[in-house]
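Please put together the full structure from these sequences, using the hints given.
So the protein sequences, as listed, match chains A and B.
Following the numbering used here, the numbering of the first sequence begins with 1 at its first residue and continues without gaps.
Following the numbering used here, the numbering of the second sequence begins with 1 at its first residue and continues without gaps.
Treat the hints loosely; a few may be bogus.
No distinction is drawn between identical chains; accordingly, a pair holds when it is met within one copy or between any pair of copies.
Within a straight-line C-alpha distance of at most 25 Å, the following computed DMTMM-like cross-link-like pairs (lysine to aspartate or glutamate) qualify [as the list claims (entries may be wrong)]: (1) K305 <-> E81; (2) K162 <-> E10; (3) K305 <-> D13; (4) K86 <-> E49; (5) K170 <-> D149; (6) K162 <-> D149; (7) K407 <-> E99; (8) K86 <-> D57; (9) K407 <-> E362; (10) K224 <-> E362; (11) K410 <-> E329; (12) K410 <-> E397; (13) K407 <-> E329; (14) K162 <-> E280; (15) K407 <-> E251; (16) K224 <-> E60; (17) K224 <-> D183; (18) K224 <-> E81; (19) K162 <-> E279; (20) K162 <-> E251.
Everything labelled a hint here was simulated from the structure, so no lab data went into it.
Number of protein chains: 2
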Amino acid sequence: MADKALYTFERSDALMDRARRAVPSGIYGHQSPALLTPGSYPSFLARGEGCRIWDVDGNEYIDFMCSYGPIVLGHRHPRVEEVVRKQLGQADCQNLPGEAWVELAELLAEITPWAGWVAFAKNGSDVTTWSLAVARAYTGRDKVIMAADAYHGIGAWCTPGKAGITPSEKADILTFVYNDLNDLRRVVAENRGAVAGVILTPFRHEAFHNSEMPNPGFLQGVRKICDEEGLVFILDDVRAGFRLNLNGSGEYFGFQPDITCYCKAIANGYPLAAGLGREELRAAAEVVFFTGSFWTAVTPMVAAKATIEVLRDEGGIAQMDAMGRRFREGLDQQARSLGLAITQSGPPAIPFMSFVNDAAFERNRLFCGECARRGVFLHPHHNWFLSAAHRERDIDEALVATEAGFKAVKSQFGG
Amino acid sequence: MADKALYTFERSDALMDRARRAVPSGIYGHQSPALLTPGSYPSFLARGEGCRIWDVDGNEYIDFMCSYGPIVLGHRHPRVEEVVRKQLGQADCQNLPGEAWVELAELLAEITPWAGWVAFAKNGSDVTTWSLAVARAYTGRDKVIMAADAYHGIGAWCTPGKAGITPSEKADILTFVYNDLNDLRRVVAENRGAVAGVILTPFRHEAFHNSEMPNPGFLQGVRKICDEEGLVFILDDVRAGFRLNLNGSGEYFGFQPDITCYCKAIANGYPLAAGLGREELRAAAEVVFFTGSFWTAVTPMVAAKATIEVLRDEGGIAQMDAMGRRFREGLDQQARSLGLAITQSGPPAIPFMSFVNDAAFERNRLFCGECARRGVFLHPHHNWFLSAAHRERDIDEALVATEAGFKAVKSQFGG
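Below, the structure is given as structure tokens:
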């Protein structure tokens, strides 16, 4: 079949010229278009609806990034938008919280069997950084163990950035090799009596890597070590939360942490983060100072309640899993029939695909760029996200673009 | 005149009982009702409109806290709400920013003569902490000087909380006595070659203190020291920004910083923070890793544009100053006529009042509690905020309640 006309980005590019003058790097951070495929992606978006997004030039995309996670029900989900509209007619950010503060905390504690309490914030980094303080306050110890190269946000203790961070700010962080229990045991033994806790994402999903699932028994082994050594086991579920299991990614992988950090998908795009903890940690959480200008705002909390209820009522988790599998199977078939070697990694709802022998992601940048110019928004070196709004026809339509992407890779790089 | 029936808080109290089970401390941080006057304040709010707020029991208040700063035009200002409603009909949190990213950055740079660029985030703490990293990246030095006991947010380097914070996290922070240029010179001299910058609020406004204005020449002296020593001068305008001068609190006090941190009032309650910097600091800002899940969301940016435009078009800054002066004069007259010694501090738009010889704020807790039960929302040991929605009749109505508050203090504590 004939290719549809490839997208162009005049208005995006003109805005980006202005952005480069007004903002450092124009657009910085994880959403930087410089991390995509220059020339093949827009830099500014205008509208979203379900699993579709439109850029400022009017180009339409099937969205497989979901705002890098937050959009879990699809853009502008009617039930979420309705409670938001209603709430904005009453109040949002006030001197004190609204009733939703209590209702949402109760709902999160209810769906998370081991959790005794819930605290709210705004960024994923707010809660991951706070979780270390709670573990330290609880244990009276300073050191925290994380997996080497794991992404837990922009806290000085964990940021992947080097500029402007001082050695002291990372002095209490220890690292071990992900999926290696012996290495974790070594680090714990070498620092016995000094370690407050271990923080882990439920699977490895940092950018510029294939995702890596936990080995069988790994997370359960971490749990056992934490129990034996009196360490707080912190689950950073900021990126994976509300996509794998409504009761937390620990349930998906068969373990229970002591603290869970949520953000991104919790309110279908409205800004909210949450930290959940075991009852034993409540006193520690009560003495850690934790606050922000907009943290008791009501709108994101009613949005979160609605998001969780819709996910539960409409089987969103199973839908994302099924559509992720369908997409993965389609990609697999296409690559196979063209003789291209690919690696698919991560759970189906948070998938990633890369090319074998493509360490610098050059093939993937071409592939994703060709997809973008044909209306499918993927990312060459960051995991993708399904939403509950993706339907079979969206996946099948996306696979038309990916076939063109694969052919471009074959044509430029060979088989 | 007869006192109106004093407020009661049955529904608030019932919600607070539930909150205490679901959330550490029920409500934590700066909005904790435990910091107000127990028994005399609500714990949950339901609605806001202009300078009025209603709690979940239906009690109405004239709001002198303005959500601890964010509400600068009054709650649910029609022009802000209209652009928000329109934006939410298109998109909010997406894979890339919207056009408002550029427009707002340009507007902020335009109204801030010395600023070359603008970066966005979500919390005040995001930008104050980031500003240190930019100063460090620019100078290649690690130490930063702040005023002892100043509040710059919940970053480990500056949080007033002790629990869960390790000594290393504060190791690069030096302090001096606010308003004491000789003490600043001493700290700089003792650390020559190691200091990246100085961070200051435009006046001292930390809780549990009277506000303290800069001595004549103090901020200009800091500027001079920074110029002589090659230090980055960071203005933490999170709390005072958009209330004293639309072009920044530096203009109000007659100096120009190198970086300004904004948050709170920038978008009339919608969640946004911004860091503005001089052109020379752009390259440093470009290498500091800075990102968050909701930072490119469009709604707070259109709200910020509208907020700044309304403040400019309707003379909001002058209105807050005038109403703050009217309130201050009324309080002064009442206290004087009752023979009560009070201290009024801070600029009129961000005022504070305390009683002389009331170090533990016992008199102020009684005073503010009596005002709250009569429909005026003040705070016993945190500065207050005016909004552009406060009118003469609101101030005069508030002064009826404050008179009752003063009489209660006189009756309980004497003259």
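Here's how the hints hold up against the structure:
no.	hint	result
1	K305 <-> E81	both (12 Å within a copy, 23 Å between copies)
2	K162 <-> E10	neither (34 Å within a copy, 52 Å between copies)
3	K305 <-> D13	between (38 Å within a copy, 22 Å between copies)
4	K86 <-> E49	both (20 Å within a copy, 15 Å between copies)
5	K170 <-> D149	both (13 Å within a copy, 24 Å between copies)
6	K162 <-> D149	within (13 Å within a copy, 29 Å between copies)
7	K407 <-> E99	neither (54 Å within a copy, 34 Å between copies)
8	K86 <-> D57	between (32 Å within a copy, 19 Å between copies)
9	K407 <-> E362	within (15 Å within a copy, 76 Å between copies)
10	K224 <-> E362	neither (41 Å within a copy, 50 Å between copies)
11	K410 <-> E329	within (19 Å within a copy, 78 Å between copies)
12	K410 <-> E397	within (21 Å within a copy, 76 Å between copies)
13	K407 <-> E329	within (17 Å within a copy, 77 Å between copies)
14	K162 <-> E280	between (36 Å within a copy, 20 Å between copies)
15	K407 <-> E251	neither (39 Å within a copy, 59 Å between copies)
16	K224 <-> E60	neither (49 Å within a copy, 53 Å between copies)
17	K224 <-> D183	within (14 Å within a copy, 52 Å between copies)
18	K224 <-> E81	neither (43 Å within a copy, 52 Å between copies)
19	K162 <-> E279	between (36 Å within a copy, 22 Å between copies)
20	K162 <-> E251	neither (35 Å within a copy, 34 Å between copies)
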